[in-house]
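Asker: Mind docking these for me? Both chains are given alone in their own frames, and the hints should help you get the complex.
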Amino acid sequence: MAQPKTADNPEGRKWHWQEGDYEVIRSSARSGPGCHDNCGVLLYVKDGKLEKIEGDPENPYNQGRLCPRCLAYKEMLYHPDRLLYPMKRDRDKRGEDAFERISWDEATEIILREMGKVIDTYGAESIWVTQGTGRDINGYGPLMARYLGTPNYGTGFLSGIACYAPRRFSTALKSGGLFIADYSQYMPDRYDDPRWRRPDYILIWGNNPVVANSDGTLGHWVVECMKRGSKLITIDPKLTWLAGKSDVFLQLRPGTDTALAMALCNHIIENGLQDQEFCDCWCYGYNEFAEHLKPYTPEWAAEICGVDAELIKEAARKIGEAESCCLQWGVAMDHTSEGFVTGMAAYDLMALTGNFENPGGMVDAPFAFDVNVTWSAGDDWELCTHDLPNQDKKICGDWPANKAMQAISPDDLLVAMETGEPYPIKAMWMMQNNALACMGAAPQRIIKALQENMEFNVVVDLFLTPTALACADVLLPAATFAERMGIYGHQPYLLGTINQAIEPLGEVKPDQVIMYEIGKKFGRGEGMEQWTTEEEFYDFCLRNSGFTYKTLQERSWAFPEFEYEKHKKGLLRPDGQPGFNTSTGRYNFYSREMVYFGFPPFPTYEEPPESPVSAPELAEKYPLVLTTGARHWGFFHSEHRQSPSMRRLHPEPTVLIHPKTAEKYGIADGDWVKIENNFGECRQKAKLTVRMREDTVAADHAWWFPERDPGDGTLFGVMESNINKLIPMRPGKSGLGASYKSQLCAISKIEE
Amino acid sequence: MRKYLAIDYDFCTGCHTCEIACQQEHGLEPDQFGIELTQIGPDQITDRYWQFEFVPIPTDRCDRCTMRQAEGKPPSCVQHCQAGCIYYGTLEELGPRIDKKKVAIFS
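Quick mapping for you: the protein sequence lines, in order, are chains R and A.
If you're matching positions, the first sequence starts at 889 in my numbering and goes up one per residue.
If you're matching positions, the second sequence starts at 388 in my numbering and goes up one per residue.
Bound conformation, chain A alone (with noise of 0.2 Å):
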């Protein structure tokens, strides 16, 4: 079954730690990156609501952790997230934590 990368991305804070988790694990210089953050905004939309978020999204170097899904541990992305707002699994497993608004989801 595929398993998809999945960012709930209202919540993800712009904190850093997915990139410095994969540059850590997989001994990357600090320009290079498995997971990338992007940013939205900030745009104030209306009179009351400004979008300023972030979207992490996982590059060619990103091989989902094989080495630590091996021995049974989440890739670091996934575990270290300050905001535990990157999960990983089939769409299935996914389940409810993505029927919202404001999820990508990579496969």
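So here's chain R without its partners, still in its complex pose (with noise of 0.2 Å):
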């Protein structure tokens, strides 16, 4: 097979080396243990030992810096604690730490066994596959949940998909695709690539990026922006580094950031800044968006955000009259009941301003080689196995998003698994999913499904996780990414080789290799792809990229081509005419898709349903706003509570009060404080900062006490420090997006 056109020159890129004692093995650490990014790094070896970590200084994607995670990765690998072999628990020992080791091929014969018995009573359709965030399964787990003969794939017990989806599909409603703030991230030759220039202004909304480095965007990538002369608007109730650095702070209430959005258009287009020839040319509906924002001015959002109108229109002006204006946005976007309108909101700004296509604006993101394995769940496991009769019963609710996209609904699926409607779902099969300490909504709920209504729970992760300990009854240890290989690309602006360093640990193995493993002992593969080494896996997800993993691994990387403003070039519709790859062809102000769903044609404002406008008497009762879910320096979601390192720079659950605030409740810095609203309770600790709005708390998520006896019948403390008690299991009104950041509550001091 050619060789597929690259921009990139691989000549003298080596993937592994000799230095002195060390052998030295180049790498993406993508991942676990969790990462959303792809960065380089130089694994150094020596008698089969990692003895250090670095960043790969050649690597355009991080240009040789590193994280903290991944410097003390080591501590993570070689943690005492590292769930090294199967295991098995009785079922009536569920929370109980008496799980007994056990070989693989046991493992496999127990899940044959009890999976089948499910499949044969209930159908292979009450088998729920879950995923969390962390590893680089998103692409590869959908294969599992065909194996296992179930639609029911997607997030573990993430009310709304509250994560990216709600905006990746709304705004692809838009836009007819995914568009993404242009760092230079694209070309080889990064920040010097002549076609590249920085945006004028980055538009950070609902993002902490240093920090969370989410979906495949390096955080500092925006500070390699400023050093060369971006300006920066940042919306975040909270102030962080960057909303200090920026031009235009505005510190809102969270959930409302639909109607600044609103504003920030009305603005633009009362004082003529929009691009009027994007606007003419490209976008369907200009002229009734323009109309129905009318009415919402900056003073109307000053009121229900809680900013000043003056900030409000500064901040539309620097946008509208800015060359180019980039969004770097969050998930906060998703974590409103509302919130698929959020984002769709937002993209209405960056096309009234013309920012599509442009440098330093909003550039398209396709599989980088038809690859979209490395990072979204795609159909390239059809050809893997049978067809599945099932298929229309997979549980999407009466949601209209949902059942549009076709995706699960893990509200609707949580319903199924306590009453048995529209039909039971009796087994799981859960991969990287923390989802009691983690993503899940409602663990109360949770945690007595997972215990008391399934038949068999299957948990596979790198260690003894509070959702393992409270539910697994097979449990499979995954390795991290030096003890195997791998392709990596999340979000596609390259591709690339991850190179097994070591050999794994005890018997740890490969997500990836575990689902084709077991999966195809289920015999719905049969007379289809089958693999017996990694390698011809690889090979099998790359068919149609022009390369192989050997041929890909010697160039260690490598960068499609690129080229911006490709809507007047025909490149971004299949049909190879110009425009958007919308039903219109061009960039949708108005959608008919939000008609056909029942819903208003343009972004429209509602409050959050626990809010002090929505529910005046429960605010009454739980006066303050709730928000939850920030990242810290250290972890990744739950990830990272085990590694010293990482645990010394946050310690202990924290929840940001203002003083004024504090001191109204006689609460003081480092006071165990408890946090409870209509839904639950949880205690973290007070950290007292004029960071935050005086009228919101933000507290922590995820965390558990992995330091604790498993055996204390605490499961690790989940439940105690846990900010999820004190968010519903409920999406919004299309079915993606839940209030994850919109709550109310009340604060109290635990007096010891």
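Hints should not be assumed to be uniformly reliable.
[Stated by the list, open to error] Rough simulated footprint, nothing fancy, chain R against chain A, three-plus residues with beta-carbon under 8 Å: (1) 390-402; (2) 466-473.
[To be verified] Selected chain R positions facing chain A (Cβ under 7 Å, derived; list incomplete): (3) G943; (4) G952; (5) L959; (6) W1129; (7) T1307; (8) W1419; (9) L1576; (10) V1578; (11) R1579.
What the hints contain is simulated information worked out from the structure, not anything from laboratory work.
The structure displayed is predicted, hence computed values, not measured ones.
For every residue, glycine included, the Cβ atom is placed at its ideal position computed from N, Cα and C.
Answerer: Next comes the structure, spelled out in structure tokens:
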């Protein structure tokens, strides 16, 4: 097969070499432990042991830099608590420290027998295969579901699939694809590529990218743009470092972002700052959009959002007058009930100002070399198993967005586990999904459903997590990145190989191998693709790319050719016509799909269900706004709590409270605080800071205490500081988006 | 020629990478530092301006990564700094990178 055209020159690039006593292996830290990035790393191995890890200075993605989690990776890899062997436990001992080591053969036998019983009794659709967000299995996980024969695959207990799915789907209706902020990441020469120009303004919206590094964006790219003259506008209830560096900081009330986006658009149009040519030539429904926005003035939004109208006007003017502006959005967009609309409204702002497909604007993110499995669930696995006869039984609920995108509804699946409606869910296959600690809203319900209602639970993870301790009947050990091979490209700027550096510890296996080795025994892939080695497996994944695992490995990574203004060149649509890949061929200010769903065609603002405005009586009892889930430097969600140097950075669960608010409730810095609302309560330690809005507190998510004895009956304390006990399992009207960041609460000091 | 460690703290995000890179390079415990982060603020200096910044400071445990330098590599904190805001060199080599506000220089 001819090698595909690439934008980088691999001459002289090696993937392994000797350096003194060390064998050096060039690889990527995608992943586990969990991460959303593709950082290039150099793994220094001596006598079969990983001695040190460094950033790869030649890799254009991170240019030699590396974050604390990766630098301290050995603390996770060689941690004494690492799960190294398959385990089993009697079903009636769920929650107890009563695991017994078994062989992979026995684990496979038990899984075949127990899953087989569930399939025979209830049908294969009664198995729910879940993933978290940590390791690189988004694309591969659906294979496991197909092997088991169930249509129910997706994020485990994440209400409203409130992480990227709401934004990605709703803005795809607008733009026909995924367009992301341009930090030069598509070009191997990065900031030096003459085609690139730094954004005039970066709109940091509900995101703290330098900490979060979400969705294939290395947050510190923003800092490189700042050095080159980019200015910032930050929208956040908390003063972040980036907010402190911003021209305009809009410290809004959580959950009101859509109102702000509408007002920014309103002010731009009122002052004629829109890119009229882009709106006329490339957009659908501009005039109606402008008409729709008329009542939604900065003064209107100022009242709702709790920010100064003059600041909104200043931000609008700066965005409108900029030569380029990009949107650095975060999960806060998805973390409110009507978050489905928030991403759309922010995209409208980008379209209104012509910031699509321009240097420093929003650029299309297609699959690099036609490979999507490295970051996104696709249909690749249809070739590997027989068709699912029960595909139409997928539990999407009555939610229009879930039905349209054929996505599960985790909210409805939990109901099916509890009630047997529309049919019973009776078994779980959970990969990298510590749902009780992390993404699961209403963990009080989840733990009960997992422990009491399931016939059989399989958990695959790096450590014994609280979720595994609570419910696993079979627990399988997964490999970390140095122990395995693979391919990377999370967000597809480039494609590269993960190269195995050391022998797997104990009997751990890569997630992908666990899936195809055990999965194919279910007999649904007979006569189809079969793999006996990992290399064969990855050759299959790369079959449309022009690379094999070996040819890609030889060059370590490959960048596809890149160009701007693809909408003008017919490069966004499969038919080769100019325009966007939407039903109208244009960017849709007016969304016909939204009308089809029964919603207004333009963004409209709705209060979160629990807010001081929408629920004043509730707010009398629970007067503060509660936002949750901000990332911390050393942790990836519920991971890294057992890594000593990461835990040092943030030893305890903390709730951020403004000093004036704390004084009102008699709370001092360092006090343990009870946080409670109409859904539940938990305890966290008060950290007083003027960085917060006075009416809002920000609580940590994903806490557990792996240093505790697994036999002490507390499941590593997972329910004690668990802020998700205050969050309902309940999506917004579309089915996508949930109020993880916009609840009400009361706080009080816990007397020790 | 004397070499200096220069921090452009206008761009230090407080990510702790320098601390961890140093601990890993020198086999230090989590509470031992060859370079340690300090914080300024958050301090509301004017109605519109907050100072909320970080400055890492090298300690007496810092040997400027002599071993790495012998192999032609930069000190580990300099290479790994996510913000790319730690520089190492003679005053001449540092040149325009330190000719600005908010640079801390350690000799």
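Asker: Check each numbered hint against the structure and report the violated ones by number, ascending.
Answerer: 7, 8 and 9
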